[in-house]
Every structure is written in C-alpha cells, then in structure tokens.
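Protein sequence lines, in the order shown, are assigned to chains A and B. To convert, note that position 139 of the first sequence is 139 in our numbering; the numbers rise steadily by one, no gaps. To convert, note that position 189 of the second sequence is 189 in our numbering; the numbers rise steadily by one, no gaps.
No lab work stands behind these hints, which were simulated from the structure alone. Keep in mind that the hints are not guaranteed to be accurate.
In silico lysine to any residue, SDA-like type, Cα no more than 20 Å apart, as pairs [unchecked claim]:
(1) B:LYS249 / B:ALA121
(2) B:LYS236 / B:ALA98
(3) B:LYS249 / B:ALA279
(4) B:LYS455 / A:SER27
(5) B:LYS455 / A:GLY34
(6) B:LYS249 / B:ARG286
(7) B:LYS455 / A:TYR33
(8) B:LYS455 / B:SER138
(9) B:LYS249 / B:LEU366
Here are the simulated distance ranges between beta carbons [claimed, not checked]:
(10) B:GLY292 / A:SER23: 41 to 49 Å
(11) B:PRO467 / A:SER23: 30 to 38 Å
(12) B:LEU482 / A:ILE132: 51 to 59 Å
Derived list of chain B stretches under chain A, where covered just means 3 residues or more per stretch with a C-beta under 8 Å from a C-beta of chain A [unchecked claim]:
(13) 185 to 196
(14) 205 to 217
(15) 409 to 419
Every residue gets a Cβ at the ideal spot worked out from N, C-alpha and C, and that includes glycine.
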Amino acid sequence: MCNDRLSGSLLVLFGALVLWRASTFPSLAGLEYGPGLFPSIAAIGLIVCGALIGFGSRGRRKAPSTSTMPPQQTGWRMAARPMALLIVILGYGLLLDLLGFHIASFMAVSATALIFGMRAGGAVLLALPLVIGVHLLFYSLLRVPLPWGLLTPMAW
Amino acid sequence: MSASTLTSLFSPASLTVIAACTLYGTFIGAMPGLTATMAVALLVPFTYFMDPLIAISAIVATTTTAIFAGDVPGTLMRIPGTPASAAYVEDAYRLSRAGRSRSTLMVSLFAACIGGLVGVALLALIAPQLARVAVQFSSFETFWLACLGLSCAVLTSNGSVAKSFSSLFLGLFIATIGIDVAVGHPRFTFGNYELFDGISFIPAIIGLFALSEILRSAQIGHRDQPANAVQESFSKALHEAALVLRRFKRNIARSSVLGTLIGALPGAGADIAAWICYAISRRFSRHPERYGTGYIEGVTDGGSANNAAIGGAWTPALVFGIPGDSVTAIAIGILLLNGMSPGPQIFTESPELVHTLYGAFALSNLAMIPAGLLVIMASSQVVRIPRRVLMPCVLLFSLVGAYAITNSVIAIWTVLALGALGYAMEANGFPLAPAILGIVLGTIVEENFMTSMMKAQGDLLAFFDRPWAAALGTLTLLLWALLLTRGIYESVQRRRYPSPSSETETYP
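Use the sequences and the hints to build the structure in full.
Next up, the structure:
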C-alpha cells in the first residue's frame, strides 16, 4: 500500500512542473522577486523532499501510519470502492448544473449507498428523505441558490 | 467583564444561539468524518444573519462541544469524530470494548470542560499582555510569525520530517493558486477565472478531511464494529469517572496549561495539542507500556489538551490576526466581513468583542456538560447508525456544504481533487495538518513578504532590522536548523536500521 519510491518520484515530477511554470511568471519591477518566488520555493521544497523520500535510503521501509483505521484488507474490490466513489463525485460535479441539485444528489446518494453495500430499495429510501432534508436546510433556511436544472419549472 | 457584556451574553438571543450550537456541535462532532472545522464551516452561512458578537459565540460554542464529541465515535467505533481525538482513540476504543465506554466518555467530558475553562482563563490573562507588544508589529514581524507557525506545524506533526515538509510544501503550493498579491498575475489557473480568487479554503478543508475519510472508509469495507452491548449504569460510570479524574488531576492540570500554550502557537491546533500532551503523558507516566492498550491516563491528557487548545488558538488570532488553527481562520474571515479586523487594536477598539468571546467560552464549556451527558447516554444509539447509511449522508453534506460557500461547481472539483490527494497522502504516511496550515498561512507569509520587500526595496537584511523581527527571525531560523538536523538524523537512522526504527514515533 505504502510506496515511497512512487510517491517520492511523483513529488519530484510535480515540483519540476511547478518550477517550470513558475519560471514563466513576470517579476516585480525593480526587484528580483515576483509572483514566481513562492511557487518556486514550494516547488524546490517538493523536489528535495520527494528525492529524500523516494531515493533517500536503499532499505525498504514502512512509513509510520497516521491512519487510525484498522489494518486494511487487500483485494481489488477494496481498491475499487474508493475509485467508484471518486467517479460518483466526478459525475455529480459534471451533472449538477444540468440535472439540478435534487436529481443529481438523489443519484449520488443512492450510488454511494450502493457502493457501501446497501440494497437498492434501502438506497432509495435513504436518498429521498435526505435530499428533501438538505433542500430544506440549505435552500429554504440558508438560502443557498442550489441549481434546479431539469426541475427548473417546478422551482419555488 | 463589564455589565453590558454580561447583559449581551445572557440575552435570550445569545443564550438560544449558544444552546443550539452546543447541541449542533455535539451532533456534528459525534458523527465520524464530520470535523469541528467542518461544523464551523457549515455554520458560516448562518452567521451572516447574526450580530458579530453572537456569531463569535456561536463559533466558540460549536467548536468547544464538537472537539469533545469527537471522542464519542472514537471511543465506540475507533473512528475519531474529529482529528483532535485521534491521539488517544486506541486507548478509548479498547476501554469501550472492555465495557467501559460511558465512564471513558465521562472522563473525557469533564477533562474537556476543565481544559476549556483553563484555556479561556489563560487566554484572558495572556492575550492583552501580548497585544501590548504586538501593537508595534509590522509586516516583517507578521512574516516571521507566520513562518514560525508553518515550522511548528512540521515540528509537531507525527510523520517523518521529509513527509511533513512535503505536505507543507503542497499546502504552500495550493495557497499560491490564483491572482498573486504583488502584481496581480494569475498563477496556475489555466485560464479558469473561478480559480483567480484561489482555492476556497472551506471546500479544501472538506476535501482533505471529510472526503478522504469517506474514501478510506469505503476501502475498508462495511465491517461495522458492533457497539458493545454491555453498558455501565449512569451512576456507576459517573462514580468511576470521578475516581479517574481525582487520580489523574495533575495530568489534567498539566495538559490543560500545555494544551493552551500549544494551541496558542500560530499553526498548531487542538489535534496537535492532543498528540503532544498524549506523548508527554506517556513519557512521564508510571505505566508507559500500557498506553495504546486501553489505559485511561492518556485519555485524560488528550481530552483536556484538545479543548484547552481551542482557547489558546484564539490568542494569535486576536493578538496578531494570524489564525492559530483552521477554525480561527474561518472566524477571522467572519470578523472581517463584519468590518472588524483582528489585531492588537481590537483590545482597545472593541473590548466588548473580546469580553464576549471569553464569556462565550466559559458558558459553552459549562453548557457542554449536560449536552455531553445526554450524548453519552444516547451514544449506543448513535453508533447503531451503520456506515452505509452514514457515509452517503456525510458525502452529500460535504458536497452541498462546499457548494454553499462558492455557489459554483468549482467547490465540487476542489473537494474531489483535495479529497483524492488527502486519501493518497494518508495512505502513504504523509500527515495532513501541515498541508492545511500551508494553505492558511501561505497567503499570509507571501503577502507580508512581498509588502516587506517593497518597503525594504529588496534588502533581505531588513527582515532582521527591527528588534522583534530579529528575535522572531532568529527563532525561526533556529527552528529550521533543528528540523534539518532531525531530518538528517532520521535518514541516517533509517540507513543504519532499514525497517523497524522508522516505526517509532518521532516526537520532539
């Protein structure tokens, strides 16, 4: 699960990208410093730390885990669930304005419930009151302009 | 405290808000994955409609109770409700498995109350004195203070130095996204005008803390740990808790004071305070070998320290305008919206705000006791909510809460990106706290650096010209040297003993 070589390399790569982008920023009139300074500091920091993490020592080691969770199970199904959740959120972001808050949220909640192992009927029973509750709290009480999307004709 | 402050604090409106926020904080804190910061973040839209004094009371009441209530799911399900409860979750959970969940929670409730009261007392004592010094501060001192805050975040986190620094630099990078402060050049926005204002802080927090928690929980699967059926009776638990509190009263006193001081460091909040006080408690304990195996002593320390830190965190926020943690960062935003700028002048210009803050702290720590006892008695019901019901709810609240801040889909993208990042970071042993502080303090560091540079016309030595700046600067540089040595020591150690040595904690 914990792969220092990979995460270190990714940090170095990312730092280099940021450094390259930051070098294109203009500098402040009369000074050698400008908008690029802080991104560059962060980028150099990332490159150095990434190198230390990924290539600092030869021996394979396990990082001290800050996670408070029980030991993780292995198997592709376990890794697949977080991926599926990310896809649900991606879809939510893409479809929110189009479908509107109510339909998109209903779908997202049902899908999440299914991912967490609920039956289809239960998922619907959970999603419906939840969406109504969130609507009342955020739209009616807090006046957050949630998008109506497809349901715009019904909006109040 | 003046009479007018008392009347405004005990007005029906103020009392209602404090009572409501106490219950709200208890509920949110008790829900795993919903943090105290999130509770405050979701409260922000409400505070627009409130008097600033009441808004501050609302924030104080919510955080105080949410930090305590974070112990409830930690004790019963081994999922800390807020990161501040993570330090002693193992002990609390094992005590609960042994049928002692109620007494454990009561211990942490009363420890939290004492810690909170000590925290606000120290805040009231220290802050005005510091403010007298701070009136003389300029951008140079503020720059060093913020740097100090960032360094503390690395020093106090419990990962390897390289990984903590990586987390910090990632946070600093995220803070640079958007229009830059000096010349107004858009950075890393790729033409997306919604990114010009930078990454919104609240969606970022929700992503890093809430979504990453949901993802982790999805990976582990739906093995709901059943709540322990054997529960102590109320009176027996209360009696047990009183015995524990008497036995470890010195721990509570020590951790309350220490927790306040740690919380007062710009950059270190309740979670860091709990970690450090737990570690110190273990070092000085007569039974260090029992820590982590279901031993109550660490719970008294961590439980009082994290609530004390909330009071402490307001010290830098009020005195310097530099947030001590992410909650005070949000609070500063609300004050600014109401036309009040935190800083040393607030003590002379609006003393009623400062006094109301003290009063709200004292009041909500007392109101926490009945609310806390209520949630302890109902906690086995709370825990019966299975994860497959809870997690979809948390997800929707996270997404809509983030959306409510920006009113645009960009918030969803922020939550998604930072949630995935936070999940990947935690899975690989990178601590999250330095990243958050990088995001909060990065802007402050850069703004003050650029202002100072323009004032000094590019002369770096100007950062050491003024006496306080020189002192703070030297302190910061010393801290960096210390961190560097620790980092080198760590890598030498690892080279020598490849695997097991890095497993031990690396507390300062």
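We went through each hint and held it up to the structure:
1. B:LYS249 / B:ALA121: Measuring from Cα to Cα gives roughly 18 Å; hence the hint holds.
2. B:LYS236 / B:ALA98: Holds, at roughly 15 Å.
3. B:LYS249 / B:ALA279: holds (17 Å)
4. B:LYS455 / A:SER27: holds (16 Å)
5. B:LYS455 / A:GLY34: holds (14 Å)
6. B:LYS249 / B:ARG286: holds (15 Å)
7. B:LYS455 / A:TYR33: With Cα atoms ~13 Å apart, B:LYS455 and A:TYR33 stay inside 20 Å; holds.
8. B:LYS455 / B:SER138: holds (11 Å)
9. B:LYS249 / B:LEU366: With Cα atoms ~19 Å apart, B:LYS249 and B:LEU366 stay inside 20 Å; holds.
10. B:GLY292 / A:SER23: 41 to 49 Å: Holds: the Cβ-Cβ distance is about 48 Å, inside 41 to 49 Å.
11. B:PRO467 / A:SER23: 30 to 38 Å: Since B:PRO467 and A:SER23 have Cβ atoms about 37 Å apart, the given range 30 to 38 Å holds.
12. B:LEU482 / A:ILE132: 51 to 59 Å: holds (55 Å)
13. 185 to 196: holds (count 3)
14. 205 to 217: Holds: 5 residues of the stretch 205 to 217 of chain B have a Cβ under 8 Å from chain A.
15. 409 to 419: Check passed, 6 qualifying residues.
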